[in-house]
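Undergrad: Listed below are the residues making up each chain.
2 protein chains.
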Amino acid sequence: MRTAFYISDGTAITSEVFGHALLSLFPTEFEHQTISFVETIEKANETKAKINKATARSKELTLVFHTFVNNDIREIIDSCDGIIFNFLEHFVEPLEKKLNMKAKPKAHRTHSIHENSYDYRIEAVNYALANDDGSVVTNYEDADVILVGVSRSGKTPSSLYLALQYGIKAANYPFTDDDMDELKLPEFLKPHKKKLFGLTIDAQRLIDIREGRMSNSKYSSARQCKMEVREVEKLYKKEKIPYINTTKFSVEEITAKILNETGLQRYKY
Amino acid sequence: MRTAFYISDGTAITSEVFGHALLSLFPTEFEHQTISFVETIEKANETKAKINKATARSKELTLVFHTFVNNDIREIIDSCDGIIFNFLEHFVEPLEKKLNMKAKPKAHRTHSIHENSYDYRIEAVNYALANDDGSVVTNYEDADVILVGVSRSGKTPSSLYLALQYGIKAANYPFTDDDMDELKLPEFLKPHKKKLFGLTIDAQRLIDIREGRMSNSKYSSARQCKMEVREVEKLYKKEKIPYINTTKFSVEEITAKILNETGLQRYKY
Chain G
4 MRTAFYISDG TAITSEVFGH ALLSLFPTEF EHQTISFVET IEKANETKAK
54 INKATARSKE LTLVFHTFVN NDIREIIDSC DGIIFNFLEH FVEPLEKKLN
104 MKAKPKAHRT HSIHENSYDY RIEAVNYALA NDDGSVVTNY EDADVILVGV
154 SRSGKTPSSL YLALQYGIKA ANYPFTDDDM DELKLPEFLK PHKKKLFGLT
204 IDAQRLIDIR EGRMSNSKYS SARQCKMEVR EVEKLYKKEK IPYINTTKFS
254 VEEITAKILN ETGLQRYKY
Chain Z
4 MRTAFYISDG TAITSEVFGH ALLSLFPTEF EHQTISFVET IEKANETKAK
54 INKATARSKE LTLVFHTFVN NDIREIIDSC DGIIFNFLEH FVEPLEKKLN
104 MKAKPKAHRT HSIHENSYDY RIEAVNYALA NDDGSVVTNY EDADVILVGV
154 SRSGKTPSSL YLALQYGIKA ANYPFTDDDM DELKLPEFLK PHKKKLFGLT
204 IDAQRLIDIR EGRMSNSKYS SARQCKMEVR EVEKLYKKEK IPYINTTKFS
254 VEEITAKILN ETGLQRYKY
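So the sequence lines, in the order shown, correspond to chains G and Z. Going by the working numbering, the first sequence runs without a break in its numbering and finishes at 272. Going by the working numbering, the second sequence runs without a break in its numbering and finishes at 272.
No wet-lab data here; the hints were simulated from the structure. Some clues are possibly wrong.
Note that the list lumps identical chains together, so a pair holds whenever it fits in one copy or between two copies.
As the list claims (entries may be wrong) - Lysine to aspartate or glutamate pairs mimicking DMTMM-like chemistry, simulated, CA-CA at most 25 Å apart: (1) LYS260 to GLU126; (2) LYS271 to GLU63; (3) LYS51 to GLU34; (4) LYS100 to GLU34; (5) LYS105 to GLU32; (6) LYS229 to ASP135; (7) LYS198 to GLU126; (8) LYS229 to ASP122; (9) LYS56 to GLU264; (10) LYS243 to GLU264; (11) LYS251 to GLU264; (12) LYS56 to ASP75.
Throw the hints in and build the complete structure from the sequences for me.
TA: Structure (structure tokens):
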């Protein structure tokens with residue numbers, strides 16, 4: 004199997020996203036290897052040796068995705084026995100012309116603590132954890148958005164992703180069995196109705212997820228799951244709460260859709 | 004100010020990473036706008052109108068980063084009043100030649116629920132939350148890694164990032180005031196010593212963070228913070244626990260360094 008290397012003087016997240024997007028177009032498998040923080044000539048030489056070894060082992064040229072801006076290190080990596088993909092290189096010159104401005108390469112440009120949004124993100128993570136699962140219902144004043152839905156419809160991972168990736172403060176509140184009899188919006192949510200965003204999920208998927216956690220329980224029974232989903236969807240419609248069905252979507256897709264529908268301000272780009 | 008658009012038929016995360024990496028090389032500011040889930044001709048035309056409006060408003064050509072693989076939609080976007088950057092387009096043909104294989108473009112290739120790793124990631128998030136902050140110390144058998152450190156040294160955001168991004172199950176355990184007198188490794192951590200990874204932080208940064216949470220307390224005092232940092236670092240050295248100082252690093256950088264040092268297996272690429 005051919006190996007793909009993702010290399011950078013920082014986290015290598017950009018190289019990974021770049022390489023992954025490109026390789027995902029090809030109907031074949033690759034071995035993946037990330038080497039981050041290649042910040043010295045010595046580390047660059049070590050990395051080159053690893054690439055050459057992978058090429059020798061598989062007898063196929065290794066693919067190398069990198070984003071180096073330091074010339075000394077770049078030259079070492081570019082001289083390896085691999086096929087080099089450096090998307091920055093190709094696009095920098097045309098962009099310089101369009102912007103009428105020279106690029107000023109420096110290391111750790113992205114995914115570092117020096118991004119303006121960093122403190123927002125950590126604060127948002129703390130907020131999401133402190134206001135997860137309806138544990139506290141008195142801090143909604145500070146929320147950017149409050150996700151609501153039945154247990155296991157995707158609220159917690161979505162809240163955390165909104166915080167970590169975008170610096171958005173997302174609380175979440177679960178509608179539980181006790182609420183379900185003629186489900187109404189709890190009093191403490193009413194003043195924050197404009198911040199509410201509903202998640203729903205297909206009953207069968209909900210049954211499967213809950214069975215994995217608590218099998219043969221009322222909680223995971225078809226009757227209960229169907230009733231809960233029916234009740235919350237009725238509530239969303241009645242109260243005009245925007246909502247999405249998360250069944251077929253990843254956390255990344257759910258949060259992108261929430262951003263789309265709400266126009267929430269992001270603190271990180 | 005010039006606007007940069009990030010557009011895709013999916014989450015647009017790839018376009019954002021691509022555009023952000025490129026723009027970060029230039030010493031100027033941009034307005035950012037993401038338009039995700041451009042999946043229909045109608046939405047493509049709406050998007051084109053938005054781009055044209057932005058160009059008309061700022062009197063400078065808008066920058067458009069996209070990764071469309073559907074030709075009908077791509078042609079509409081490519082015909083807008085903007086400067087188009089499509090990194091897939093440039094690299095697909097050379098890669099086809101090298102792999103001796105045609106690309107098979109399909110939508111939602113990345114960041115979707117169909118990635119094999121998806122269930123791992125959600126399970127890992129649940130694990131991280133259930134085993135955060137030493138709340139439970141009986142589940143360490145299932146951990147891939149256990150982060151240890153003083154309160155506010157970065158354990159929780161790092162655990163969550165490891166889970167969400169990489170599908171790695173990270174528990175975390177805080178050394179607290181009660182442990183500090185002749186700090187020893189708690190008995191329940193000893194059987195899992197190989198999974199331990201330590202975080203430390205400069206005392207001044209710790210003071211600043213704790214002051215923000217509980218000002219003028221013993222918890223945030225210089226004396227306490229210095230003592231705690233000194234004690235944990237002594238413990239890491241004595242017990243040969245690998246550790247890093249998180250003071251100058253983002254969550255992305257901390258977790259990339261943890262992966263580097265431990266060689267932990269990732270479930271997502």
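Undergrad: All the hints need checking, so say for each whether the structure fits it.
TA: Verification of the hints:
1. LYS260 to GLU126: both (23 Å within a copy, 22 Å between copies)
2. LYS271 to GLU63: For LYS271 and GLU63, the Cα distance is within 25 Å only across copies (24 Å; inside one copy 39 Å).
3. LYS51 to GLU34: For LYS51 and GLU34, only the intra-copy Cα distance (17 Å) is at most 25 Å; the inter-copy one is 38 Å.
4. LYS100 to GLU34: between (37 Å within a copy, 19 Å between copies)
5. LYS105 to GLU32: Result: close only across copies, 14 Å inter versus 39 Å intra.
6. LYS229 to ASP135: within (24 Å within a copy, 32 Å between copies)
7. LYS198 to GLU126: Result: close within a single copy only, 19 Å intra versus 28 Å inter.
8. LYS229 to ASP122: between (41 Å within a copy, 23 Å between copies)
9. LYS56 to GLU264: between (49 Å within a copy, 21 Å between copies)
10. LYS243 to GLU264: Answer is within; shortest intra-copy Cα gap is 13 Å, inter-copy 50 Å.
11. LYS251 to GLU264: Within. Shortest intra-copy distance 18 Å satisfies the 25 Å Cα cut-off; inter-copy 36 Å does not.
12. LYS56 to ASP75: Within one copy, since 22 Å is at most 25 Å while 43 Å is not.
Hint check: no violations occur; every hint is consistent with the structure.
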